[in-house]
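As given, the protein sequences belong to chains D and S, one line each in that order.
Heads up: the first sequence begins at -7 in my numbering, then just goes up one per residue.
Heads up: the second sequence begins at 847 in my numbering, then just goes up one per residue.
Among the clues, some could well be false.
As the list claims (entries may be wrong) - With the Cβ distance kept under 10 Å, some of the chain D side facing chain S (calculated, not the full set):
1. 15
2. 66
3. 67
4. 88
5. 89
6. 97
7. 99
8. 119
9. 264
10. 265
11. 266
Don't read these hints as lab results, they were simulated from the structure.
Cβ atoms here follow ideal geometry from the backbone N, Cα and C, with glycine treated the same way.
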Amino acid sequence: MPQIEVEHLTKTFSIAERESGLWGALKGVVNRKHRVVRALDDISFSIEPGELVGYIGPNGAGKSTTVKIISGILVPDSGSCRILGRVPWQDRIPHVKEIGVVFGQRTQLWWDLPVVESFDLLRDIYTVPQEEYQRSLDELLQLLTLEPLLDTPVRQLSLGQRMRCDLAAALLHAPSILFLDEPTIGLDAVSKLAVRGFVKRLNRDRGVTVILTTHDMDDIEALCSRVMVIGAGRILSDGTVADLRSRVTTERRLIIDLVEESPRFSVAGANLLLQEGNRVHLGFDPEQTPAADLIARVTADHPVRDLFVENPPIEEIIADLYREHGP
Amino acid sequence: MKPYLSIMETRFRLSLQYRAAAIAGAGTQVFWGLIRVMIFEAFFLHSTGPHPMELNDVITYVWLGQAFLAILPMGVDGEVRDGIRNGTIAYELLRPLDLYTHWFVRTVAWKVGPTLLRSIPIFVIAGAFLGLAAPASVTSACAFAVSLVGAIILASAITTLISTSLFWTISGEGAANIIPSFIYVFSGMVIPLPLLPDWAQPLLNASPFRGIVDIPYRLYLGHLPASELPWLLANQMAWTIAAILLGRHLLSRGKRRLVVQGG
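Chain D on its own, in the form it takes in the complex (with noise of 0.2 Å):
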């Protein structure tokens, strides 16, 4: 039985909206215009407990609203959604008990305190018993590193370093749900692989069912079996990372680096993408031409130092699907 199960999901938002200058804000006060924005139109998904489901889309494509409305904080205009049995935002508490939440545009930190005053603050709203607190505690410190930062103030965390507190402070109650809003935004490479290192650790040891949503392609293709695509508020593909790619595109990449510059390079069954000194950059549908007999050609032709094969960036993948519905 599905874990989470969202059905004809929509969100719609009335923004004020004045013309510019002190004319339009004098207009304003009269007579207010109001702009309807659907910010979710009709989502449905589900999700078996134990997956790690990677949810991408544009700025205000509408994940957010979607995390908010399934985390029980925002109510939507209709649709359904039970999370482990129970509507998020009709029965609140007893849900957010199960579920833990970070965004990572802010903290859940309380920004004056210790780090570890504004844990031990989260085991007394959650009334987590002192054993339990202290065994998850010790457990994620580990993980997470974070025994040094314990009684550094907030505030004075950097962004790396919150980061990894806020991610703490979400498990400390041993939810079986984890919704992370952009966890890795910001973040330096070292933060991003230890972000992600310990997400996919949780959902492998602990089996806890995560929900990622963010920009950064390498996060959904380190960790993600499973990914959803929204846009302008409509799900636009869901499935594994290798459907999303061949769903848009077969395409693949011969990257060549030549011993000498060749002006014009061309080659039988593939496309000059971008030459750039002495590397030659080629696409090529390996359905038509095998990489193999591609291979055999340039190297006949000409010299050649090195080569590899790879999947077009998976940015472009998705590029490509905003701009195939796109407004």
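Position chain S relative to chain D; hints supplied.
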């Protein structure tokens, strides 16, 4: 209860951290107190006829007001305002807590901390040099203490009610700015209520704001006999309950129309 007590304790401890603000606040309040005392002295010097309240009592009333100023619902809980403006309210709704109780206990702590820090130095200075008299009797002192607790709870309920109005972002801020000025006048903070015209007295006695300033201070003075305490407490409690019910109602309506700003 445990979660709420912990929140209250944390907030209380945080409010004690702002020592510099407390010293500055106490200084300002002593200064304003002096000015207000001088104004009342000038009034009494030039007025003839019987006074509903003697000058000594008025001076004590003024200093009590300065000492316990931080109790007044002068604005909204800053955390609520920021939370609604920048969206961190999302995290408050993620806690397995009743949102109203959460806000309410935080407000209580937010009032008690600074009041403690400021009232003690003001009591010492005004008591030693500036005409703040001791309570009329031990019974008066006890009645004052009990009704001051009632005043804090009532003021917190009214503050939380004002905070909930912020869900209606623009109009709410207007209300949050205007209401405190009314409270200032109708609680007795500007002019002790007995000095206001006779025809206004029934109205003032019925108003919810009298319980924040006038009731406890006049019990302190013995101007209201301690034997009336049960009635006065009933007045405070009735308005507290009304403010809580209205606040809860607005909050549950506000939550439904909530738009979490940003991100």
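Going through the hints against the structure:
1. 15: 20 Å, violated
2. 66: 7 Å, holds
3. 67: 5 Å, holds
4. 88: 5 Å, holds
5. 89: 5 Å, holds
6. 97: 5 Å, holds
7. 99: Hint on residue 99 of chain D: holds, closest Cβ of chain S at ~8 Å, below 10 Å.
8. 119: Holds, about 6 Å.
9. 264: Status violated, d = 42 Å.
10. 265: Residue 265 of chain D check fails; min Cβ-Cβ to chain S is 36 Å, beyond 10 Å.
11. 266: Given a least distance of 36 Å, the restraint on residue 266 of chain D is violated.
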